[in-house]
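Trainee: Read top to bottom, the protein sequences are chains A and B. Quick note: the first sequence uses the working numbering, first residue 5, plus one each step. Quick note: the second sequence uses the working numbering, first residue 78, plus one each step.
It is worth saying that the hints were derived from the structure and are not from the lab. Any given hint could turn out to be false.
Once the Cα atoms are required to be at most 30 angstroms apart in a straight line, the calculated DSS-like pairs of lysine-lysine come out as [what the hints assert, rightly or not]:
1. A:Lys258 x A:Lys46
2. A:Lys252 x A:Lys334
3. A:Lys92 x B:Lys115
4. A:Lys87 x A:Lys296
5. A:Lys296 x B:Lys115
6. A:Lys296 x A:Lys92
7. B:Lys115 x A:Lys87
8. A:Lys252 x A:Lys166
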Amino acid sequence: MDSALIPEGAERCSFPKFMIGISIVGAVLLWGVYAMFLCWFKGLNQTNMNDYYGFALWIWADLAVIAVGGGAFFTGLLKYIFKVDELKNIINFAVIIGFICYSSALLILAIDIGQPLRGWFIFWHANVHSMLTEVAFCLSCYFAVLTIELIPNILENRQANKVPFFHHLAHNMHGVMAIFAATGAFLSFFHQGSLGGVAGVMYGRPFAVREGLLIWPWTFFLFTWSAAAFGPCFTLLVTKITEAITGKRLVSDKTVHLLAKISGWMITTYIIAKIIDTIYWATVTAPSLGFKMSHFYTNNSFYGYWILVLEIIVCGVVPGFLLLNKGTRKNPTLRLIAITLGVIGVCLNRWVMVLQIMAVPVMSFDTWALYFPSWQEVATTVLPVAYGIIFIAVAYRYLPVFPQERELNQSKAE
Amino acid sequence: MFPFNFEWVWDIGHVVFMGGLWFALSILGAGMTFVIVKAAMDTMNDSGESHH
């Protein structure tokens with residue numbers, strides 16, 4: 005039915021089977037859209053946010069998708085600026101994942117601001133003293149970069165590419181992609197960093213506040229570093245899931261090993277910096293503000309030392325070691341465990357830096373404030389996941405996303 | 078966002094923030110304008126490479 009749109013030589017499931025899959029995920033998507041409209045029409049009283057939790061589940065999801073979407077900017081930087089040509093085999097998919105993550109982040113923000121019709125105020129009436137203004141600027145501009153990076157892949161669709169103008173446009177865009185990739189890396193550095201900077205400059209929150217360099221707290225650099233380290237893990241994880249669902253090999257082992265190795269180095273260096281930062285914060289920063297480390301991890305029913313161990317050791321040191329060591333990196337099961345732990349680790353880091361910050365009592369008369377999201381918040385957080393699955397399914401079906409697909413599956417087809 | 082907005086002040090904050098924003102937007106705009114114009118010219122002349 006849609007065979008004319010499917011990339012030449014690629015095998016895809018039947019159109020009815022494809023539509024059944026899309027319909028199932030589409031139902032989840034509609035649930036999220038319904039909750040989104042409830043939030044827009046009835047207001048933020050649909051959420052469980054309160055005076056303690058001005059930032060809640062959405063902002064965690066926002067920071068998490070931006071962190072895991074960091075694979076796009078980092079892979080683009082390596083491919084176009086540092087000329088790591090092997091990554092051409094995964095760059096299209098990294099861009100698609102980045103596009104999904106950043107469009108999801110913007111959607112979440114559009115719900116979170118309560119009055120999306122006033123979303124343009126952040127540009128028009130910008131508060132130039134706010135790190136979040138920098139985030140808004142860089143996030144929007146970087147989304148434009150991702151859109152530009154995605155366009156050539158769309159134009160390479162079998163039918164679109166027959167139109168001479170589209171064919172030339174895709175070709176010319178490839179020619180200047182390094183400029184866009186460099187701009188994207190610049191923008192990503194600042195918005196990833198500023199998201200961390202927001203936590204680091206919360207002087208009234210001893211759990212978050214950090215010293216730093218000039219106007220940038222250490223969390224600024226740690227956030228950028230962690231996104232570059234763990235973003236490729238997410239790219240590899242989604243590639244693995246796509247391979248499992250399609251039953252095909254889509255990216256060669258050589259490319260996967262290379263990206264995993266780079267990620268391993270980045271994770272290891274990041275986690276060393278993170279451990280130093282944590283020790284300095286626990287022994288110098290927090291005591292100088294009148295707090296012991298135990299204050300942040302005891303006397304409540306949820307946040308204990310386990311979360312620190314899980315984030316730094318289990319989901320930081322362990323994946324770093326597994327990806328750095330050649331033997332464990334080349335073992336598919338251990339590599340999968342490492343990239344999964346890495347993705348969990350960076351999401352957990354964002355959870356701690358958004359939600360644990362809010363939960364910790366600050367005043368002497370305060371108690372721990374734990375929070376549980378409303379179903380509307382959960383539905384609107386699941387919404388981007390459903391949207392991402394549909395986007396990847398459609399892109400995989402109709403676009404030449406994986407240049408090695410034919411070659412890797414040739415023997416199977418024969 | 079623009080110097081004609083009522084809250085605009087000619088200080089370092091506005092120059093750095095807005096300068097950065099307009100610089101990034103200019104690169105993206107100029108880059109896209111270049112590729113679109115070149116693609117249009119290539120299409121008219123049909124002189125572009127037939128593969129990439």
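Trainee: Confirm or reject each hint.
Mentor: Verification of the hints:
1. A:Lys258 x A:Lys46: Not satisfied, since the Cα-Cα distance of roughly 52 angstroms exceeds 30 angstroms.
2. A:Lys252 x A:Lys334: 19 angstroms, holds
3. A:Lys92 x B:Lys115: 24 angstroms, holds
4. A:Lys87 x A:Lys296: With a Cα-Cα distance of about 47 angstroms, the restraint between A:Lys87 and A:Lys296 is violated, given a limit of 30 angstroms.
5. A:Lys296 x B:Lys115: The given pair, whose Cα atoms are some 63 angstroms apart, is violated under the 30 angstroms limit.
6. A:Lys296 x A:Lys92: Violated, because 49 angstroms separates the two Cα atoms, which is more than 30 angstroms.
7. B:Lys115 x A:Lys87: Within the cut-off at roughly 25 angstroms; holds.
8. A:Lys252 x A:Lys166: It holds: about 27 angstroms lies between the C-alpha atoms, which stays within 30 angstroms.
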